[in-house]
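K.L.:
Let the hints inform the model, and build the full structure from the sequences given.
Just so you know, the sequences run in chain order A and B.
Residue 693 is where the first sequence ends in the numbering used here, and the numbering goes up by one at each step.
Residue 293 is where the second sequence ends in the numbering used here, and the numbering goes up by one at each step.
No wet-lab data here; the hints were simulated from the structure.
Fair warning: this is a prediction, and the values are worked out from it, not measured in the lab.
Mixed in with the good hints, there may be bad ones.
27 Å max Cα-Cα, derived DSS-like pairs, lysine-lysine [unchecked claim]:
| hint | chain 1 | residue 1 | chain 2 | residue 2 |
| --- | --- | --- | --- | --- |
| 1 | A | K127 | A | K385 |
| 2 | A | K665 | B | K271 |
| 3 | A | K526 | A | K193 |
| 4 | A | K56 | A | K124 |
| 5 | B | K271 | B | K199 |
| 6 | B | K58 | A | K616 |
| 7 | A | K526 | A | K616 |
| 8 | A | K526 | A | K385 |
| 9 | B | K58 | B | K199 |
| 10 | A | K649 | B | K199 |
| 11 | A | K56 | A | K193 |
| 12 | A | K57 | A | K193 |
| 13 | A | K385 | B | K271 |
| 14 | B | K265 | A | K665 |
| 15 | A | K193 | A | K124 |
Pairwise CB distance ranges, derived in the manner of DEER restraints [said to hold, decoys possible]:
| hint | chain 1 | residue 1 | chain 2 | residue 2 | range |
| --- | --- | --- | --- | --- | --- |
| 16 | A | V603 | B | G283 | 50 to 60 Å |
| 17 | A | H88 | B | D236 | 55 to 65 Å |
| 18 | B | L290 | A | F50 | 53 to 63 Å |
| 19 | A | F67 | B | S8 | 17 to 27 Å |
| 20 | A | L106 | B | I291 | 58 to 68 Å |
Just so you have them, the derived chain A footprint on chain B, three or more residues with Cβ under 8 Å [said to hold, decoys possible]:
| hint | segment |
| --- | --- |
| 21 | 14-25 |
| 22 | 76-84 |
| 23 | 87-93 |
| 24 | 114-122 |
| 25 | 137-148 |
Even for Gly, the Cβ is constructed at its ideal location relative to N, Cα and C.
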Amino acid sequence: MSVLSFLILFPFFIAFVLFFLKKDSLVRSFIVFIGAAGELSLSVYFAIDSYLYHDIEMGTFYLSETHDLDMLIAALELCLMLVVFFLAVKYKKYPVMILSALGTIPALYMDLTGKSTTMASHIKVDHLTVIMVLVVGVVGSLICMYAVGYIRDYHRHHKEFRDRSGYFLSLLFAFLGAMMGLISSDNLTWMFFFWEVTSVCSFLLIGYSRTPEAVHNSFRALWMNLLGGCAFMAAIIFCIYVMEITNISQLLVYASLPTVTVFPVAMLAFAALTKSAQMPFSGWLLGAMVAPTPSSALLHSATMVKAGVYLLLRLSPMMCGTYAGTMVAVIGGFTFFAASLLAITVSDGKKVLAYSTVSNLGLITAAAGCGMEEAVWAGIMLLIFHSVTKSMMFMSVGAYENSTGSRDVEDMHGMIVRYPRLAFIMTIGIFGMSVVPMGMCVAKWAALRAFIDSGSVYLTLFLCFGSASTIFYWIKWLGKIFSVSRGSERHKDNVPAVEWIAMYPLAILAMVLCLVYPLISALAVIPYIQNAFSGSVSRLVTAAFESGSAGGEGIIAAISTEDFIIMGVMLICICLLPVAMKMVNSVQERQVLSYMSGFNSGNDRSFYDSHGEEKDQWLSNWYMNGLFGEKRLLPFCLVLSSAFVISMMTVCAIGGLFI
Amino acid sequence: MTEYSMISVIIYLIFAPFIVSILSGVDRIVTARMQGRCGPRLLQPWFDLIKLFSKESTAVNGIQKILVMAHCFFAIFSGAIFFAGGDILLVLFALTMAEVFLILGAYSVNAAYSEIGAQRELLQMMAYEPMTLLTAAGFYLSAGSFRVTDIISGNVPLILKMPGFFIGFCFVLVVKLRKSPFDLATSHHANQEIIKGLTGDLSGPVYGFSLLAELYEEALMLGMAGLFFLTSDRMSIIAVFIAIAVIMFVMSLIDNIFPRVKWETLLKTEWIVTFFAGGGNLIILSLIRK
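P.N.:
In structure tokens:
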């Protein structure tokens with residue numbers, strides 16, 4: 035327990051200290067470094083410790099008697115509400131006050147009357163918790179480290195914003211602490227508290243620059259997440275007063291009685307959909323890109339949106355074939371496809387990443403909603419790979435922006451020659467997101483198989499179409515990086531060393547994960563799934579899965595050992611490409627001009643027009659705005675998904691409460 | 004890997020380019036006859052390839068050559084997985100990987116024709132990939148496995164269970180064999196608006212590599228078409244040959260009858276066919292399975 039409490043409280047402590055260090059100084063950088071390194075090593079130590087000394091199979095339980103802590107949490111919840119009230123009044127956004135009060139007041143009441151707790155423990159550590167602790171600890175800490183270098187450059191470039199970098203860094207750490215609390219809580223009210231902390235933290239981070247746009251976007255993020263918080267609260271009230279339970283693990287015991295649990299599961303799933311920015315709630319995550327890059331990286335990769343899918347993956351044993359499961363699966367699959375089409379139409383690097391996050395989370399959501407073991411396996415793997423890869427992508431885009439002043443994909447032309455180190459990171463990131471020997475695609479493969487096995491035709495179709503459009507937007511970005519203009523030279527990137535300290539380990543991790551994921555799967559993911567699904571109505575255990583996990587042959591379900599070896603060979607071949615390039619280029623050969631119908635003016639960058647004058651050529655990617663433009667597609671998607679969510683929620687609410 | 008799959012991989016590696024170039028030689032003669040011309044020699048595609056490799060090697064930049072070679076390598080690699088009887092989804096993913104390298108090679112030149120060809124190739128991939136993935140799903144549902152060795156060990160030809168997938172797959176073949184109307188990215192015809200598209204800046208042996216990759220890729224695609232007909236009965240191989248001959252003939256016919264279409268039409272037709280033919284067949288198969 036001591037390690038875990040340290041893991042949760044240590045970031046809060048660092049956040050507290052940083053809050054008072056307003057000026058950029060060596061001391062502050064040092065504290066951030068200590069905080070990040072400390073949190074990282076703590077999370078690794080915690081994982082090892084849980085495996086060696088605790089009964090992780092059944093879950094380790096802590097803190098059954100928590101009266102004083104409950105009072106503390108009630109007080110902190112009140113503080114959170116007051117912060118929201120204060121800012122809502124300041125910016126005249128009154129409706130969020132209602133949402134905040136609706137979520138917080140019942141929580142306060144239950145904490146103060148002691149309703150929120152039975153003798154069950156508040157904290158539970160199982161395999162999924164350990165996986166999440168590692169994801170949040172490793173990726174999140176590296177992002178905090180990166181933030182030190184980034185925020186300094188950010189304020190150098192943006193003199194117009196007041197430098198509140200101490201506050202910014204402090205928020206990042208508070209976020210990590212809240213996330214650690216969220217993933218280890220078993221008590222629903224505690225989880226709700228941390229849930230609200232992440233909502234408010236992300237709201238404050240998005241509004242960091244205090245521009246009208248930032249304020250507007252931050253309040254949009256706030257109301258959406260608070261709405262989710264209200265749904266969460268409704269689930270808690272139902273659990274406590276109707277089912278007389280207080281914990282998630284107690285709720286999961288009822289997995290075989292879907293009629294009893296339909297209301298709380300639907301409400302929790304709704305909360306998770308808002309947090310994971312699934313359609314129709316995708317807007318807040320896209321708006322979140324106004325914030326400085328480290329906070330986007332944190333929101334998109336290790337924390338916030340992952341809290342939503344984490345909850346869904348926890349609930350997935352109760353999803354298979356239920357109304358809530360259908361809602362989650364359809365919304366997830368639809369978001370995966372629609373967001374990947376929308377990602378084609380934008381050229382702002384961060385926006386492409388944002389849509390891609392929404393899209394990938396959609397796939398995880400769909401996998402959780404599908405509620406089959408294989409799908410959950412794929413969902414957890416996607417979560418891990420996505421965190422590592424996406425944080426790296428955000429970091430490299432941020433570093434590129436600080437070096438060149440632009441983060442538009444069109445301006446990344448020829449990056450491989452101009453900024454080879456950043457291009458290297460980005461290439462690994464894009465490969466990791468899109469093509470096969472790398473992680474994301476492997477997990478997608480498992481998801482496809484699970485969707486077919488579950489017999490849901492719509493999910494299979496969403497996945498097939500969505501993965502096709504996913505390839506399109508990633509590879510055209512990669513193509514831009516690879517287009518070499520003749521005579522371009524290497525520029526000096528002004529990326530501080532501390533940012534490289536964050537990016538290189540992530541790049542290496544992204545590669546190594548492709549080789550060691552069977553180990554992660556065998557050690558943590560499969561045991562978790564076996565435990566989680568043991569008591570539930572898992573109707574669709576496939577033969578392949580059983581032989582995969584029990585026989586030792588074939589480390590996991592969808593991907594056999596043979597396939598794994600083939601992919602390893604592919605990965606090695608790709609890694610050898612730079613070496614092969616040296617060998618091929620060692621033979622001197624004639625370099626020729628590119629083909630421009632014979633009108634190349636001799637430097638590959640311009641041509642002679644019909645008047646014989648020299649004209650520069652300008653090459654741009656396709657965005658297909660006429661077909662899937664944001665203006666055309668987005669409103670349609672939002673209306674469709676809203677209608678679906680509202681009708682499904684109505685069905686679940688009426689069905690759960692009155693029948 | 005069994006002995007049988009070893010042999011089939013070796014046959015694929017050694018003979019596939021030769022066999023496919025004869026097929027495309029026949030195709031060119033048939034096309035010429037349809038247009039009232041005499042047409043080239045049967046082995047012309049093969050001689051073209053040999054000649055390219057004897058030319059001087061030139062490149063526009065330092066990374067173009069290695070990217071095209073990587074494309075060739077992965078195209079052969081994915082075919083080898085297929086003919087070894089491996090997982091058909093892995094084959095498709097590896098093929099995507101190969102395509103990505105060709106596209107990057109075209110992007111790397113930074114020239115208008117290459118780049119527009121590269122984006123059209125990407126678009127084509129986006130258009131046909133749902134169908135190829137669905138076809139794999141169809142094989143899985145009707146044969147119970149993604150592995151090629153299991154798919155071909157059934158008793159009845161799978162086309163009976165998956166006619167919708169077959170129709171959709173033929174649409175993919177039109178794209179993959181670079182037949183008009185869908186030869187948007189690069190074309191075998193000289194009169195096309197973007198000239199050679201994404202291979203426009205390749206020359207000599209580098210272009211040879213891309214052609215070689217295309218031959219291997221075609222062998223793979225025709226092999227996949229053969230999966231619809233092959234059963235555990237040895238004689239079904241004759242059905243495969245007949246089917247491939249018919250498919251090739253229909254492709255030539257399409258090549259000659261249809262005018263070229265815009266990319267929007269490509270995307271829409273492909274996706275509509277995928278959705279209705281593939282999706283409809285998928286629903287039926289899922290229902291049967293339950």
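K.L.:
State for each hint whether it applies.
P.N.:
Hint check results:
no.: 1; hint: A:K127 <-> A:K385; result: holds (26 Å)
no.: 2; hint: A:K665 <-> B:K271; result: holds (20 Å)
no.: 3; hint: A:K526 <-> A:K193; result: holds (23 Å)
no.: 4; hint: A:K56 <-> A:K124; result: holds (23 Å)
no.: 5; hint: B:K271 <-> B:K199; result: holds (24 Å)
no.: 6; hint: B:K58 <-> A:K616; result: holds (22 Å)
no.: 7; hint: A:K526 <-> A:K616; result: holds (23 Å)
no.: 8; hint: A:K526 <-> A:K385; result: holds (26 Å)
no.: 9; hint: B:K58 <-> B:K199; result: holds (19 Å)
no.: 10; hint: A:K649 <-> B:K199; result: holds (23 Å)
no.: 11; hint: A:K56 <-> A:K193; result: holds (16 Å)
no.: 12; hint: A:K57 <-> A:K193; result: holds (15 Å)
no.: 13; hint: A:K385 <-> B:K271; result: holds (26 Å)
no.: 14; hint: B:K265 <-> A:K665; result: holds (23 Å)
no.: 15; hint: A:K193 <-> A:K124; result: holds (24 Å)
no.: 16; hint: A:V603 <-> B:G283: 50 to 60 Å; result: violated (38 Å)
no.: 17; hint: A:H88 <-> B:D236: 55 to 65 Å; result: holds (58 Å)
no.: 18; hint: B:L290 <-> A:F50: 53 to 63 Å; result: holds (60 Å)
no.: 19; hint: A:F67 <-> B:S8: 17 to 27 Å; result: violated (54 Å)
no.: 20; hint: A:L106 <-> B:I291: 58 to 68 Å; result: holds (59 Å)
no.: 21; hint: 14-25; result: violated (count 0)
no.: 22; hint: 76-84; result: holds (count 4)
no.: 23; hint: 87-93; result: holds (count 4)
no.: 24; hint: 114-122; result: holds (count 7)
no.: 25; hint: 137-148; result: holds (count 4)
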